[in-house]
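Protein chains in written order, with the numbering used here: chain X, 1 to 407; chain C, 1 to 462.
I should point out that these hints are in silico values taken from the structure, not numbers from a laboratory. Don't take every hint at face value.
Label-pair distances were calculated between CB atoms; the ranges are [as the list claims (entries may be wrong)]: (1) X:G21 to C:E31: 52 to 58 Å; (2) C:A111 to X:Q34: 55 to 61 Å; (3) C:T350 to X:P235: 34 to 40 Å; (4) C:A111 to X:R217: 39 to 45 Å; (5) X:A167 to C:D105: 46 to 52 Å; (6) X:L193 to C:T218: 54 to 60 Å; (7) X:K374 to C:R408: 55 to 61 Å; (8) X:R4 to C:A292: 46 to 52 Å; (9) C:D358 to X:R238: 24 to 30 Å; (10) C:A292 to X:D164: 52 to 58 Å; (11) X:R223 to C:T218: 20 to 26 Å; (12) X:P111 to C:D248: 55 to 61 Å.
To spell it out: a stretch of chain C is covered by chain X in this simulated footprint if at least three of its residues, at any positions, have a beta carbon under 8 Å from a beta carbon of chain X; those stretches are [claimed, not checked]: (13) 369 to 382; (14) 442 to 454.
Short, incomplete list of chain C residues facing chain X, as computed with Cβ under 10 Å [what the hints assert, rightly or not]: (15) L96; (16) A207; (17) Y208; (18) Q216; (19) G217; (20) T303; (21) D395.
No residue lacks a Cβ here, since even glycine has one placed at the ideal position from N, Cα and C.
These are the residues of each chain, in order.
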Amino acid sequence: MAVRQHALTIVAPVRPSARHGLSARLDAVESDVQDALVSVTSLHFARFVLIDGPDGVASRLAFESNHDGEQADHLAALATALAPFEELLFGSWEGYHTGDLAGFVAKNALPASTFYLGHPGLSVAQILNDRDVRLRLEALLDDDVADLGLEGESAVVIRNRLLDRLAGAGLVTGPVDRGFPAQPSSTIVFYVLVVFVVVPAALLGLPFALWVESRERRSESPRELVAEDDPKLDPINRREDAITQNGLTHHVPMRPGVVRARVMRIVLWFLENARRRIAYEGTLGGISSIHFARWVMLDDDTVLFFSNYDGSWEAYLGDFVDKAHIYLTAVWSNTKWFPDTNALIFGGASKENAFKRWTRTFQIENRIWYSAYKNLTVSDVLRNALVREGASGDMTEAQARAWLARL
Amino acid sequence: MTQLELSDIQGIVLFGYGSLPHARWVHVSFENDESEPGTWLSELRHEVHASARGKRRQEERINVAFTHTGLARLGLAESELASFPRELQQGMSDQLRSHVLGDVDENDPKAWELGGPSNGPIHALVMLYAKNVDAIAALRDRVVGRIAALGGVVVHEDSGELRDPLHEPFGFRDGITQPHVTGSPRPRDPHEDEVPAGEFVLGYRNAYDEFPPSPQGTDGFDIGSNGSYLVYRKLQQDTAGFWQCMLDRARPNGDAKAATKLASSLVGRWPSGAPLVNYPDHDPGPGAEKEAFAFHDADPAGTKCPLGAHIRRANPRDMLAPSANESRRAVGRHRLLRRGRPYGPISKGTPAQRATPDGADRGLVFIALNASFRRQFEFVQQTWLNNPKFAGLYDERDPITASVMDERGQHFSIPSVPVRRRLACLPQFVTLRGGGYFFVPSLRALAWLASRATKRDAARPP
Ligand code: HEM
């Protein structure tokens, strides 16, 4: 049975009595919480972050996780692991009853409008297993080909020798079912819809879009964007780029009006479906460094964006600007103070300096951030899976060469 | 066609002064309240060379750059100082910058000989170039004489020498690849990529077709226009350690030819400069260094030139995901103009001779120019050279420049058929001895700064 990955998002107000000093108290337990979360074997990533409420102060506590399997099991495991921190983490929420995480989640969980997965169908356990397979094989090869008596041998012989040594390590090898849809029939429907509805609608809507843009440009009150190098960003900078992965949290108000709200929903719907039906696995508009990402629309007309990505912020944002600016502009041009756009999808995120400043302005520091496999990039995860898949059964010389080339 | 204001842009921005082999970099401080940086700069600025060719063939060159503390010392207002990029404001030795640059352990600013917290503050960097030993000494004495007379102090001094052809201390041909700046009067070599001027000079369009942010004066003067930002890093090279390691790891062990081959695979070029992608098996000797090459089609798996080789990491050209074209476009936004030169005695001879320790201090004074520290120099350093996950690699950093953060040493993978070879436990070969971030003003900005500084000199308490 293939494992499915899910997103859980909760954004709820903090009890007034719990607000004081909450961010410092969260910071103080971060490393303990990280240690505790290791026992939640269904958990890929998680974070707690304080975000502004409609009153403009950081009065809401958001929790997000990316997890395997049934939500009920995930919540039970979370509740157990985080029991020592329950009062601080969950008990800060208005209306939370001790011991009833599941009940609270049932009432407060928010759907992600667009949920992106970098390595679908791979459970945490599988990812860790595959990492160990890879590391074991690399170590065997490091011991020097000569020691293994592999000098001058064919790829098939080398591979067999390695697999002999790998056996008994208690690791899973060979293919696993990742539950990829075999071209679901709804894909056709999606294409038809795109060609006959979305494209004509976009064309018809173009003059209107231009009009909306120019009107907003005149009416939007200016906002001083934080320079990318504002000292305010120091705490964020200090957290970033220390390890292979980073978590970005971004929270921005929508531009006012029904048009923007509609367009936003359509774009997010479109991206979600394109992701599910066309690019099931792989890249977000040519970016291959995102483990999980999601947009969540909140009821106070603001939009949250969470992502867990590889590499530096500068590289990640650079990828946005270089490769994915059209998609991102389509989404975020509906939010306030976004760099000027043309026809809703041009300009905007392709304006390097302005886009980076805008992103930084609405970026929020994570209070607690967790990853189950901190040292793995998306491409590591996918490559390790291929190594594990090829670590059983027989291969031809050419196949064995291709497999060895992954090491 | 971009029209560069050559008479306003300092010469070092567009030229490497290859015909002037002797260089001296003088780091100056005007900490003393009695000193007169204003008077000094008012005199010096008339001698600073621009990029326009002079009437007579120049025998020497003078260029000058300032740290952020230096600009403050010249009397710039708070708001003017705040309009410079944060990296300049913080300086290279700041903790956040070290975090981004990977300047930790052996490379930690605490142990630096210049620019670190335990060294004196640096206000200005004077860069001097001349034809021969006597000329550089005379030029240096003249310039330093005036500095001393006006109360300035030389905090640190480095000398560099270009040997013809230029080889860096490990013995590899250097200074080959350089982007061609749009509008530069330097003739373009066919192998060079053209990069928009705004990637290196403020006031022109950059690779995003935008104008780079430029620091501004309260009087409306555009301080940044025709200026640039300069990175200075003194990189000490352990030549003996490098060659000993290559000999030890070579197969057969101790074989000079195999050691040279191995060393070349770390660099990505042969000692002559010939690219491994074009000559995977042997060094064709001088003449091939200027050949054009790329990675995507010629060597996708790195079996000719390892994926983690220094020149791949420093300029991945067309090799990055998702496609050759996208890669070229993205990589074009992170280019550097390199102006560094080797320092210290030459190391010569066979790998075995080079591997004999002689206790000499040698290395590279790495100098690079860019319009954005963060998007160019720091990006190259962080996302390419020091990134353990560069181009799908698993856990290794630049074999030449990276500081080894793990006491077990670091890996270097050499893809081959049927199976890769991975060197484990490589030591660190290059150690950062210090450095700084500088602003290279235009000639007009030098005049503006000089008048500011003169006012400030005059206003000082009696
Ligand atoms: C002591 C340390 C270093 C040594 C020995 C060294 C050596 C070399 C050599 C031999 C080349 C090939 C010659 C050429 O293409 O011009 C090269 C190229 C290059 N290096 Fe370094 N390097 C060092 C440090 C650095 C650092 C710190 C950076 C940047 C942060 C850097 C950036 C580059 C770039 C951009 C190229 C050109 C690559 C290309 O365009 O193909 N190098 N280096």
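Results of checking the hints against the structure:
1. G21 of chain X and E31 of chain C have their C-beta atoms about 42 Å apart, which leaves the hinted 52 to 58 Å range violated.
2. Taking 55 to 61 Å as the suggested C-beta distance range, the pair A111 of chain C and Q34 of chain X does not conform, at roughly 32 Å.
3. At roughly 53 Å, the beta carbons of T350 of chain C and P235 of chain X sit outside the given window of 34 to 40 Å.
4. Taking 39 to 45 Å as the suggested C-beta distance range, the pair A111 of chain C and R217 of chain X does not conform, at roughly 53 Å.
5. Range check, A167 of chain X to D105 of chain C: Cβ separation about 39 Å, and the 46 to 52 Å hint is violated.
6. Evaluation of the 54 to 60 Å hint for L193 of chain X and T218 of chain C yields a pass: the beta carbon distance comes to about 57 Å.
7. Between K374 of chain X and R408 of chain C the C-beta distance comes to about 19 Å, which lies outside the given range of 55 to 61 Å.
8. Take R4 of chain X and A292 of chain C: their Cβ atoms lie about 49 Å apart, and the range 46 to 52 Å holds.
9. About 42 Å separates the C-beta atoms of D358 of chain C and R238 of chain X, a value inconsistent with the hinted range of 24 to 30 Å.
10. At about 46 Å, the beta-carbon gap between A292 of chain C and D164 of chain X misses the expected band of 52 to 58 Å.
11. Distance hint for R223 of chain X and T218 of chain C: a CB-CB separation of about 24 Å, consistent with the stated range 20 to 26 Å.
12. The hint said 55 to 61 Å for the Cβ distance between P111 of chain X and D248 of chain C, and at roughly 59 Å that hint holds.
13. With a threshold of 8 Å between beta carbons, the proposed coverage of the stretch 369 to 382 of chain C by chain X holds, since 5 of its residues qualify and at least three are required.
14. Using a Cβ-Cβ cut-off of 8 Å, 0 residues of the stretch 442 to 454 of chain C lie near chain X, which falls short of the minimum of three, so the contact claim is violated.
15. The beta carbon of L96 of chain C is positioned within 10 Å of a beta carbon in chain X (closest approach about 6 Å), and the interface hint is therefore held.
16. A cut of 10 Å between beta carbons decides the hint on A207 of chain C: the least distance to chain X is about 9 Å, and the hint holds.
17. Because the smallest distance between the Cβ of Y208 of chain C and any Cβ of chain X comes to about 4 Å, under 10 Å, the interface hint for this residue holds.
18. Checking Q216 of chain C against chain X by beta carbon gives a least distance of about 13 Å; that is not within 10 Å, so the hint is violated.
19. Hint status for G217 of chain C: violated, given a least beta-carbon distance of 18 Å to chain X, over 10 Å.
20. The closest approach between the C-beta of T303 of chain C and any C-beta of chain X is roughly 9 Å, which is under the 10 Å cut-off, so the hint is satisfied.
21. Because the closest C-beta pair between D395 of chain C and chain X is about 8 Å apart, less than 10 Å, the hint holds.
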